[in-house]
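Student: What follows is the residue order along each chain.
2 protein chains.
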Amino acid sequence: MVLNYDSVVRGSVAKQVADSIREAILDGRLKINERLPTEEELARRYGISRPTVREALKRLAAQNLIQSKRGPSGGTFVMRPDPAGLSGTITAAATLLVGVGAFDIDEIITARRETEAICCRLAAANHTQDELSAMEAEIALQSDSATSDEEFCASDVRFHRALVRASRNGPLDLMMYTVIEAFIPITNMIVVRMRERQQVVTLHRALLEAIRGRDAEAAVAALEQLLDYLRAMYSATLSARAARSAG
Amino acid sequence: MVLNYDSVVRGSVAKQVADSIREAILDGRLKINERLPTEEELARRYGISRPTVREALKRLAAQNLIQSKRGPSGGTFVMRPDPAGLSGTITAAATLLVGVGAFDIDEIITARRETEAICCRLAAANHTQDELSAMEAEIALQSDSATSDEEFCASDVRFHRALVRASRNGPLDLMMYTVIEAFIPITNMIVVRMRERQQVVTLHRALLEAIRGRDAEAAVAALEQLLDYLRAMYSATLSARAARSAG
DNA sequence: TTTAAATATAGGTCTGACGAATAGGTCTTT
DNA sequence: AAAGACCTATTCGTCAGACCTATATTTAAA
Chain D
1 MVLNYDSVVR GSVAKQVADS IREAILDGRL KINERLPTEE ELARRYGISR
51 PTVREALKRL AAQNLIQSKR GPSGGTFVMR PDPAGLSGTI TAAATLLVGV
101 GAFDIDEIIT ARRETEAICC RLAAANHTQD ELSAMEAEIA LQSDSATSDE
151 EFCASDVRFH RALVRASRNG PLDLMMYTVI EAFIPITNMI VVRMRERQQV
201 VTLHRALLEA IRGRDAEAAV AALEQLLDYL RAMYSATLSA RAARSAG
Chain S
1 MVLNYDSVVR GSVAKQVADS IREAILDGRL KINERLPTEE ELARRYGISR
51 PTVREALKRL AAQNLIQSKR GPSGGTFVMR PDPAGLSGTI TAAATLLVGV
101 GAFDIDEIIT ARRETEAICC RLAAANHTQD ELSAMEAEIA LQSDSATSDE
151 EFCASDVRFH RALVRASRNG PLDLMMYTVI EAFIPITNMI VVRMRERQQV
201 VTLHRALLEA IRGRDAEAAV AALEQLLDYL RAMYSATLSA RAARSAG
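Protein chains in written order, with UniProt numbering: chain D, 1 to 247; chain S, 1 to 247.
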């Protein structure tokens with residue numbers, strides 16, 4: 001374990017320490033699963049108090065860079081980062097941005113269309129049976145009229161996650177967390193009624209079959225139909241609302 | 001300001017409090033720029049100590065959800081989330097994933113090719129003079145043989161950021177932070193020698209001119225040339241290294 | 001009226017302590 | 001001797017209260 005215990009000048013002490021440790025993790029001086037010194041030891045080395053060390057560690061824990069365990073074999077460990085661990089952070093920020101009205105629905109639909117089209121093409125070429133089965137299972141769930149709206153939305157997210165996974169491209173998978181975990185729920189808030197659900201399921205099924213048949217263009221076409229449909233539903237909801245408030 | 005001060009059962013107290021406040025922010029009970037109660041007040045309301053409150057707040061601060069200021073008019077404020085604020089978190093995780101060898105170079109190049117192609121197409125259609133000027137400025141900097149390798153890489157990142165911005169699509173801009181801030185530096189570690197820099201600049205220039213001329217296909221072609229070149233450089237570096245270690 | 005100092009507020013840090021969880025050793029029992 | 005229960009040491013989790021520091025506001029002086 002190699003750390004610089006140099007004092008930096010700007011920012012609060014806790015922030016400095018957090019940055020120092022983060023840097024050590026990022027450039028590999030601290031390896032994955034390696035155990036950091038105890039909080040007391042860190043406090044001694046940095047010449048600060050333990051609560052301050054803890055504040056620094058909590059910042060890193062919030063970024064899923066480290067994790068702490070209690071007990072004699074406990075301590076603070078460098079986490080193996082996983083894309084899923086990022087999803088929370090990304091989702092929070094993206095949700096906030098959407099809630100604040102930073103994006104409009106057309107931007108979101110465009111971004112979905114373009115990025116998911118990539119996934120469709122790669123999925124058509126690279127998918128395995130695993131992902132097809134996962135998508136099938138979600139479609140089955142979505143077809144069941146007994147599933148609640150919340151479950152339907154969650155299933156929809158999982159369906160699209162499986163689609164992304166089928167592209168078998170790790171970096172793309174990481175990027176797509178933003179659209180999957182934040183933009184899909186936003187888009188889906190539109191689709192609540194049964195008949196609309198039915199239509200979505202039909203298009204999901206078309207998408208799945210296109211990918212199973214390794215037909216990239218058909219898959220993209222199904223995706224575009226799906227998004228066009230959602231876009232139309234959104235407009236319809238808006239005008240219905242406007243009509244209600246006007247009447 | 002409305003908060004639930006209910007006690008939740010799972011997780012450490014600090015984590016619970018952080019989650020409680022985060023939830024309040026995400027579903028809008030705490031609005032942007034709104035000021036939270038003082039740390040002392042929060043401690044009183046949640047029935048916990050101030051250090052624990054601070055740990056919770058630091059977790060949120062690490063996610064750029066809140067920010068603290070000192071002084072009488074100070075306090076803890078809900079931040080307006082901006083995509084740039086996320087870049088740090090995303091970059092950290094992606095860099096770590098790359099460093100751990102979770103992705104290979106071909107995956108990264110594929111992801112770059114597909115996602116940046118989207119940006120090229122949208123940029124060709126939607127760009128403004130602003131982004132063109134920014135790209136031009138970076139090309140000028142990159143052409144200067146006096147710029148150091150570090151500056152060249154940083155400039156390259158800014159060039160691609162401007163390209164993404166030129167697509168004028170907020171959600172896409174958010175997503176692309178991953179590829180811009182993490183994958184480009186990785187890819188660029190390859191390009192260090194002067195002649196290679198020259199070639200990159202030439203292709204950047206071609207890309208810029210294609211977008212200026214609103215020629216989406218030409219822009220995509222330039223991008224593909226750029227990535228093919230980087231891929232070839234990578235292979236060359238690898239075989240050179242293999243030859244050295246063999247000889 | 002303008003400037004400078006005092007003050008109050010709220011975050012930042014420290015010291016010291018105790019509680020809680022857990023791995024490993026020790027002791028007892030079979 | 002082996003298997004189990006119990007104890008203990010270690011380390012994070014939390015608490016309490018205090019003092020320091022930065023800053024907006026207020027007050028006083030020029």
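Hints are computed from structural coordinates only; laboratory data are not their basis.
One should not assume that every hint holds.
Any copy will do: because identical chains look the same in the list, a pair fits if it lies in one copy or spans two.
[Claimed, not checked] In the BS3-like style, the derived pairs of lysine-lysine whose C-alpha atoms are separated by at most 30 Å in a straight line are:
1. K69 - K15
2. K31 - K15
3. K69 - K31
Predicted model only: the values in this text are computed from it and were never measured.
Student: For K31 and K15, with the copy left unspecified, which applies at a CA distance of at most 30 Å: within, between, both, or neither?
Tutor: both (21 Å within a copy, 25 Å between copies)
Student: Since the copies are identical, ignore which copy is meant and state whether K69 and K15 lie within 30 Å (CA to CA) inside a copy, between copies, both or neither.
Tutor: both (22 Å within a copy, 14 Å between copies)
Student: Classify it for me, K69 with K31: is the Cα-Cα distance of at most 30 Å met within a copy, between copies, both or neither?
Tutor: within (17 Å within a copy, 35 Å between copies)
In this structure, every one of the numbered hints holds.
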